[in-house]
Amino acid sequence: MRYLVSVIDDKSNPGSTDGQPAISEFNERLIAEGYWVFAGGLADTDAATVVDNRGEQAVFTDGPFVESKEYLAGVWVWEAPDLDVALRLAAEASKVCDRKIEVRPFQ
Amino acid sequence: MSDLDVEKAITRAHHEEWARVVATLARRFGDLDVAEEAAAEAFATAVERWPADGVPANPGGWLTTTANRRAIDRLRRESKREDKQKEAQMLSDDDPPEPLGAIDDDRLRLIFTCCHPALAMETRVALTLRLVAGLTVPEIARAFLVQEAAMGQRITRAKAKIKAARIPYRVPSADDLPARVSGVLAVLFLVFNEGYLATGPDTDPVRHDLTAEAIRLTRLIRALLPDDGEVAGLLALMLLTEARRPARLAAGELVPLDEQDRGAWDDALIAEGHRLVRERLAAAAAGEAPGRYQILAAINAVHTSARDIRDTDWSQILALYDRLTRVDPSPIVALNRAIAVAELDGADVALAAVDRLEPTLAGYHAFHVTRADLLRRLGRSADARAAYDRAVELAGNTAETAYLTRRRDQLR
Numbered sequence: 000m001r002y003l004v005s006v007i008d009d010k011s012n013p014g015s016t017d018g019q020p021a022i023s024e025f026n027e028r029l030i031a032e033g034y035w036v037f038a039g040g041l042a043d044t045d046a047a048t049v050v051d052n053r054g055e056q057a058v059f060t061d062g063p064f065v066e067s068k069e070y071l072a073g074v075w076v077w078e079a080p081d082l083d084v085a086l087r088l089a090a091e092a093s094k095v096c097d098r099k100i101e102v103r104p105f106q
Numbered sequence: 000m001s002d003l004d005v006e007k008a009i010t011r012a013h014h015e016e017w018a019r020v021v022a023t024l025a026r027r028f029g030d031l032d033v034a035e036e037a038a039a040e041a042f043a044t045a046v047e048r049w050p051a052d053g054v055p056a057n058p059g060g061w062l063t064t065t066a067n068r069r070a071i072d073r074l075r076r077e078s079k080r081e082d083k084q085k086e087a088q089m090l091s092d093d094d095p096p097e098p099l100g101a102i103d104d105d106r107l108r109l110i111f112t113c114c115h116p117a118l119a120m121e122t123r124v125a126l127t128l129r130l131v132a133g134l135t136v137p138e139i140a141r142a143f144l145v146q147e148a149a150m151g152q153r154i155t156r157a158k159a160k161i162k163a164a165r166i167p168y169r170v171p172s173a174d175d176l177p178a179r180v181s182g183v184l185a186v187l188f189l190v191f192n193e194g195y196l197a198t199g200p201d202t203d204p205v206r207h208d209l210t211a212e213a214i215r216l217t218r219l220i221r222a223l224l225p226d227d228g229e230v231a232g233l234l235a236l237m238l239l240t241e242a243r244r245p246a247r248l249a250a251g252e253l254v255p256l257d258e259q260d261r262g263a264w265d266d267a268l269i270a271e272g273h274r275l276v277r278e279r280l281a282a283a284a285a286g287e288a289p290g291r292y293q294i295l296a297a298i299n300a301v302h303t304s305a306r307d308i309r310d311t312d313w314s315q316i317l318a319l320y321d322r323l324t325r326v327d328p329s330p331i332v333a334l335n336r337a338i339a340v341a342e343l344d345g346a347d348v349a350l351a352a353v354d355r356l357e358p359t360l361a362g363y364h365a366f367h368v369t370r371a372d373l374l375r376r377l378g379r380s381a382d383a384r385a386a387y388d389r390a391v392e393l394a395g396n397t398a399e400t401a402y403l404t405r406r407r408d409q410l411r
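The listed protein sequences derive, respectively, from chains C and L.
For the first sequence, numbering that gives the first Met the number 0 assigns the number 0 to the initial residue and increments by one for each residue that follows.
For the second sequence, numbering that gives the first Met the number 0 assigns the number 0 to the initial residue and increments by one for each residue that follows.
Derived by calculation from the structure, the hints in this document are not laboratory data.
A few of these clues could be false.
Claimed, not checked - Okay, the calculated beta carbon distance ranges per label pair:
no., chain 1, residue 1, chain 2, residue 2, range
1, C, R1, L, A305, 31 to 37 Å
2, C, D17, L, V326, 33 to 39 Å
3, L, A361, C, S15, 33 to 39 Å
4, C, S67, L, A288, 44 to 50 Å
5, C, S15, L, A270, 33 to 39 Å
6, L, A284, C, R87, 55 to 61 Å
7, C, R87, L, D203, 29 to 35 Å
8, C, L71, L, S380, 17 to 23 Å
To be verified - Here's a subset of chain C near chain L, in silico, CB distances under 8 Å, partners left out:
no., residue
9, I7
10, L82
11, D83
As the list claims (entries may be wrong) - Simulated crosslink set (SDA-like; lysine to any residue; CA at most 20 Å straight-line):
no., chain 1, residue 1, chain 2, residue 2
12, L, K162, C, E78
13, L, K160, C, E78
14, L, K162, C, D83
15, L, K162, C, K94
16, L, K160, C, K10
17, L, K160, C, E101
18, L, K162, C, P80
19, L, K162, C, Q106
20, C, K10, C, Y34
21, C, K99, L, K162
22, C, K99, L, A119
23, L, K162, C, A46
24, L, K162, C, F105
25, C, K94, L, K160
26, L, K162, C, K10
Backbone N, C-alpha and C define an ideal beta-carbon position, used for all residues, glycine too.
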């Protein structure tokens with residue numbers, strides 16, 4: 000089962016930024032234990048562009064989350080046998096990232 | 000066999016076999032929805048057939064076989080049969096169970112799945128009552144004053160989440176077990192408390208159906224996990240509380256512990272509760288640290304040992320509250336501890352302790368109930384009246400409101 004694991008940050012109370020060594024170590028373990036599919040940190044929401052081409056021509060705007068307090072700071076994709084395993088890993092992920100984590104299954 | 004006997008046999012089978020039928024089918028078909036529907040159909044078939052054909056020798060076996068056939072029929076009817084079977088394989092746990100001794104029972108898997116920490120508390124309660132206790136959706140909706148459609152939707156969504164997020168159908172590993180058992184016990188305690196002090200203007204003040212259901216489920220867990228001290232503790236706590244139910248209401252008013260007719264208490268339940276508490280005291284003496292339910296049960300054992308309120312051993316109750324505070328340092332425990340303090344050191348000492356809890360408990364009706372009573376005992380009538388007013392405003396139980404209102408009016 001694949002899970003999208005989203006790292007949620009809070010602009011008014013951001014998580015610490017000095018966790019990189021711990022995150023790298025955690026990633027190494029995800030790879031070694033066969034859970035790791037993909038991971039990536041994201042640039043600021045200011046850098047996002049929304050494209051809407053449902054009308055006659057494409058319209059470009061700033062991202063929808065520029066004003067919101069909580070936003071997506073990065074993602075993992077994990078392969079895990081069930082939600083218990085994913086939640087156990089997510090609890091560790093939340094510690095090493097110092098941020099909230101959303102675990103959501105792919106269809 | 001008379002119709003009445005058949006009816007009784009069906010009720011008994013429902014109590015004894017419902018969870019087992021759902022749990023067996025859930026594992027076989029890997030789908031809670033299929034299991035629930037097939038179990039409900041099997042019981043409906045029993046209601047139809049048993050009066051004419053007689054009650055089968057092995058009602059549980061008959062119900063499981065019938066439910067099994069219904070489930071297969073349903074899966075055949077559905078065109079996506081292959082997908083279903085794939086899903087079944089995905090969800091079911093074919094690995095040998097964790098080495099946990101003799102506790103591998105499908106019903107345990109079912110309970111742990113219904114009480115999974117990834118589900119919201121109210122969802123866990125609803126799922127447990129539906130899938131483990133076998134209450135109908137309208138019954139559960141009534142119990143929690145929710146619209147039937149909304150309750151149905153909550154249960155449907157929960158089943159969908161279990162499937163989509165792949166919440167496993169298994170007994171947690173030994174490492175996770177204590178935390179997960181405590182999650183299950185929290186669900187059962189909540190059901191019990193809602194029965195013992197029901198909330199809402201349109202419900203009976205004491206809901207025996209809910210307290211009985213909570214006790215029945217806790218007995219089931221106790222049978223499945225006989226060595227778990229907190230399970231024994233919660234069962235004892237429920238039994239010793241339920242034992243006082245006959246004396247808890249008079250003329251539509253809640254009767255507080257110190258005013259109850261102790262002769263009306265249920266001796267059999269008290270004896271059973273005391274046996275469990277003694278069992279846990281022996282374990283504690285052997286070095287097993289008791290958890291909060293065991294300590295709460297011990298406190299209730301002290302109360303139920305006094306055949307007259309004046310015989311209550313308050314110093315032992317206070318010692319138990321001190322112990323409970325170390326396990327669970329919550330303001331609610333501190334509030335209840337203050338009631339014992341009032342008996343030993345006086346209402347003024349207790350009031351000072353209660354007043355310190357105001358910042359955290361100002362919105363909790365029992366805080367104002369306790370305060371009002373202490374103020375009344377200190378002769379501060381105007382302050383007591385104000386506290387009763389606040390308590391009446393916040394209380395959700397009709398019988399408690401009636402009692403508090405009378406108490407307040409006596410102070411005028």
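Hints, one by one, checked against the model:
1. Under the hint 31 to 37 Å, the C-beta atoms of R1/C and A305/L, about 60 Å apart, miss the expected range.
2. Between D17/C and V326/L the CB atoms are about 36 Å apart, so this pair conforms to the stated range of 33 to 39 Å.
3. The supplied range of 33 to 39 Å is met by A361/L and S15/C, whose beta-carbon atoms lie about 34 Å from each other.
4. Judged by the Cβ atoms, the range 44 to 50 Å given for S67/C and A288/L holds: they are separated by roughly 46 Å.
5. Look at S15/C against A270/L: about 57 Å separates their beta carbons, and that is not inside 33 to 39 Å.
6. Separation of A284/L from R87/C is about 36 Å and departs from the stated range, judged on CB atoms against 55 to 61 Å.
7. Checked against the given bound of 29 to 35 Å, the beta carbons of R87/C and D203/L, roughly 43 Å apart, lie outside it.
8. Against the hinted window of 17 to 23 Å, the Cβ-Cβ separation of L71/C and S380/L comes to about 59 Å, which falls outside the hint.
9. Contact between I7/C and chain L, as hinted, is not supported at the beta carbon level, the nearest pair being about 16 Å apart and thus beyond 8 Å.
10. Interface restraint check for L82/C: the shortest CB-CB distance to chain L comes to about 5 Å, inside 8 Å, so the restraint holds.
11. With a least beta-carbon distance of about 5 Å to chain L, the hint placing D83/C at the interface is held under the 8 Å criterion.
12. The straight-line distance between the Cα atoms of K162/L and E78/C is roughly 16 Å, inside the 20 Å bound, and the hint therefore holds.
13. Restraint check: the Cα-Cα separation between K160/L and E78/C comes to about 18 Å, which is no more than 20 Å; the hinted pair holds.
14. Taking the CA atoms of K162/L and D83/C, the gap is about 13 Å. The hint holds against a cut of 20 Å.
15. Straight-line distance between C-alpha atoms of K162/L and K94/C comes to about 27 Å, which puts the hinted pair past the 20 Å bound.
16. For the hint linking K160/L to K10/C, the alpha-carbon distance of about 30 Å lies beyond 20 Å, and the restraint is violated.
17. Annotation: proposed proximity of K160/L to E101/C holds, straight-line Cα distance about 14 Å (limit 20 Å).
18. For a cut-off of 20 Å, the pair hint linking K162/L to P80/C stands: about 13 Å separates their Cα positions.
19. Proposed proximity of K162/L and Q106/C is supported: the alpha carbons are some 10 Å apart, at most 20 Å.
20. Using a Cα cut-off of 20 Å, the hinted pair K10/C and Y34/C is violated, with the two alpha carbons roughly 29 Å apart.
21. Restraint check for K99/C and K162/L: the C-alpha separation of about 24 Å exceeds 20 Å, so the hint is violated.
22. Distance hint between K99/C and A119/L is fulfilled; the C-alpha atoms sit about 17 Å from each other, no more than 20 Å.
23. Taking the CA atoms of K162/L and A46/C, the gap is about 36 Å. The hint is violated against a cut of 20 Å.
24. Between the alpha carbons of K162/L and F105/C the distance comes to roughly 12 Å, so the proposed pair stays at or under 20 Å and holds.
25. The straight-line distance between the Cα atoms of K94/C and K160/L is roughly 25 Å, outside the 20 Å bound, and the hint therefore fails.
26. Using a Cα cut-off of 20 Å, the hinted pair K162/L and K10/C is violated, with the two alpha carbons roughly 34 Å apart.
Checked against the numbered hints above, the structure breaks hints 1, 5, 6, 7, 8, 9, 15, 16, 20, 21, 23, 25, 26 and satisfies the rest.
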